[in-house]
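Q: Sequence:
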Amino acid sequence: MADEENKKQFHIFISYRVNTDADLAEKLCDKLQALTILNEQREVRIKCFLDKQNLKEGVDYTSQFMTALTGSCLVLPIVSEACLKSMLNLQAGWTDNVLKEWQTALHFQSMDKLTIIPILVGANEVVGGSKVYRKFEGFTMVGQLPDLVLPDAINDHTVKQVIGNLFKLQGIFLNPLELTDKLAVIQSRFSSEVWPSYRTLWSNVAELGPEPQLTCVQCLQPYTESSNGDGACRFHLTDGPIQEYGRTYACCQLKDPLLGCHRNRHNPKHHNRFKYGSFVNWRAGIMWNTLMSRTHAKISADDYSEEYADETAWIRVGATTSNAGKDQNKLMIASAIPYESWFMLFEKEELIGVDTRLPVFSLKGQRDEYAIGRWIVSDEGHEVIGINIECGTRTSVSPSSVKVHFAWPEINDFNGPEATLIEFCKSAAFGERPLPKALQNIKNPYNLPTTPLVKVSRQSLES
Numbered sequence: 001m002a003d004e005e006n007k008k009q010f011h012i013f014i015s016y017r018v019n020t021d022a023d024l025a026e027k028l029c030d031k032l033q034a035l036t037i038l039n040e041q042r043e044v045r046i047k048c049f050l051d052k053q054n055l056k057e058g059v060d061y062t063s064q065f066m067t068a069l070t071g072s073c074l075v076l077p078i079v080s081e082a083c084l085k086s087m088l089n090l091q092a093g094w095t096d097n098v099l100k101e102w103q104t105a106l107h108f109q110s111m112d113k114l115t116i117i118p119i120l121v122g123a124n125e126v127v128g129g130s131k132v133y134r135k136f137e138g139f140t141m142v143g144q145l146p147d148l149v150l151p152d153a154i155n156d157h158t159v160k161q162v163i164g165n166l167f168k169l170q171g172i173f174l175n176p177l178e179l180t181d182k183l184a185v186i187q188s189r190f191s192s193e194v195w196p197s198y199r200t201l202w203s204n205v206a207e208l209g210p211e212p213q214l215t216c217v218q219c220l221q222p223y224t225e226s227s228n229g230d231g232a233c234r235f236h237l238t239d240g241p242i243q244e245y246g247r248t249y250a251c252c253q254l255k256d257p258l259l260g261c262h263r264n265r266h267n268p269k270h271h272n273r274f275k276y277g278s279f280v281n282w283r284a285g286i287m288w289n290t291l292m293s294r295t296h297a298k299i300s301a302d303d304y305s306e307e308y309a310d311e312t313a314w315i316r317v318g319a320t321t322s323n324a325g326k327d328q329n330k331l332m333i334a335s336a337i338p339y340e341s342w343f344m345l346f347e348k349e350e351l352i353g354v355d356t357r358l359p360v361f362s363l364k365g366q367r368d369e370y371a372i373g374r375w376i377v378s379d380e381g382h383e384v385i386g387i388n389i390e391c392g393t394r395t396s397v398s399p400s401s402v403k404v405h406f407a408w409p410e411i412n413d414f415n416g417p418e419a420t421l422i423e424f425c426k427s428a429a430f431g432e433r434p435l436p437k438a439l440q441n442i443k444n445p446y447n448l449p450t451t452p453l454v455k456v457s458r459q460s461l462e463s
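Position 354, counted from 1, in the sequence shown is what full-length UniProt numbering calls 354; the numbers after and before it change by one each time, with no gaps.
If you are wondering where the hints come from, they were derived from the structure by calculation, not from laboratory data. Built from N, CA and C at the ideal position, the CB exists for glycine as well. Among the hints, erroneous ones may be present.
Derived DMTMM-like pairs (lysine to aspartate or glutamate); straight-line CA-CA distance at most 20 Å [to be verified]:
1. Lys135 - Glu380
2. Lys403 - Asp355
3. Lys47 - Glu81
4. Lys131 - Asp156
5. Lys326 - Glu350
6. Lys298 - Glu418
7. Lys348 - Asp368
8. Lys348 - Glu81
9. Lys27 - Asp60
10. Lys135 - Glu81
11. Lys47 - Glu207
12. Lys31 - Asp60
Now the in silico label distances, taken between C-beta atoms and shown as ranges [claimed, not checked]:
13. Ala123 - Gln144: 34 to 40 Å
14. Ala123 - Asp355: 39 to 45 Å
15. Glu350 - Gln144: 17 to 23 Å
16. Tyr339 - Tyr133: 16 to 22 Å
17. Gly129 - Asn323: 36 to 42 Å
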């Protein structure tokens, strides 16, 4: 049983600057509290802390703030450019309650006592008589913030360091005039990424009902989050389970799929953080089955340092079809270099809250081969509309790259996003690749015809 001081009384703590973002904070609070936590067997509505609604008069602010902060599972700092501008002129000895909240939240997150998801607020500007949304661009303001520590701070981090650390977290870009899509993202991320870790700390567990049972993708066994922890999952590194009598797993020579040779936490969703055997089966079953997936574009790069060429790095972008069962209707991205690979599926809703500042994936090999993908966003900067992929090797004169623009059809056929535009920016053409050493001094190494090629027109063929 957890100590009373560690109990959670609020699902979400909303932190904001009154002078710049009060209306947005109150609107966000009201709409979040109308939502429920996903995957719970009973209806459990999200409970938010907002100072305007929850602070009690006559009680010390700092005491109430600390109690509410540590009693919350998730902290949503509302970060707008106007809010950051108010911090530029902070001087020694001054206090800033908003910055204090963020600095304290970061401290408690480092101790695994809560989770932070920054809300990065854009602006709506009047252009040509109509409002145009401009994505949050406050990241460049970090360098302008003062290098000073505020009084009564929980640690010795400066104002610049606090905001810099906040920006390292995966935030959610928000148009203050359009909350609907991002509300669903906050609800989903809280329900799947945050709530399971703090559910057993809820102040009234009885009101929640039975704990949801999940299935681990690594060991394929059922589990509950309260029983999860380091070493709870036992899994094999090679694909399985092996059904034939007498066969063993190549990774450890064991026969029992439940006696995995590696241990970690249970995970309900497939990931690329480390290798596990069931991932191999899952990936192969989707990627190489033409009934379950289709390819929009593929690029590759060869390493010609040896006597022969091989496909050293490659990237594929496509979609899963309606035949893929629970994995249908998703964007598919796969990549590989020697000894390392990456594969993932994305639902349409997942791309709404993705942090487009970070690469989708990035692989770097021992021989300087690489593969990388970056999201393409709309001109307004708040919608993912494609992916830019690139790969190369140390012997590539130039990398191979392609931009794939995609969109899910308005009438959902559950076959994933369609490619709306494919731009092959660069792929190695004949003659650009260096010859293997054994062929460099040969006059005609590939036995090309010595007579000039004759261009044939469409008209001559038709006649």
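Q: Which hints from the list above does the structure break, by number from lowest to highest?
A: 3, 4, 7, 8, 9, 12, 13, 14, 15, 16 and 17
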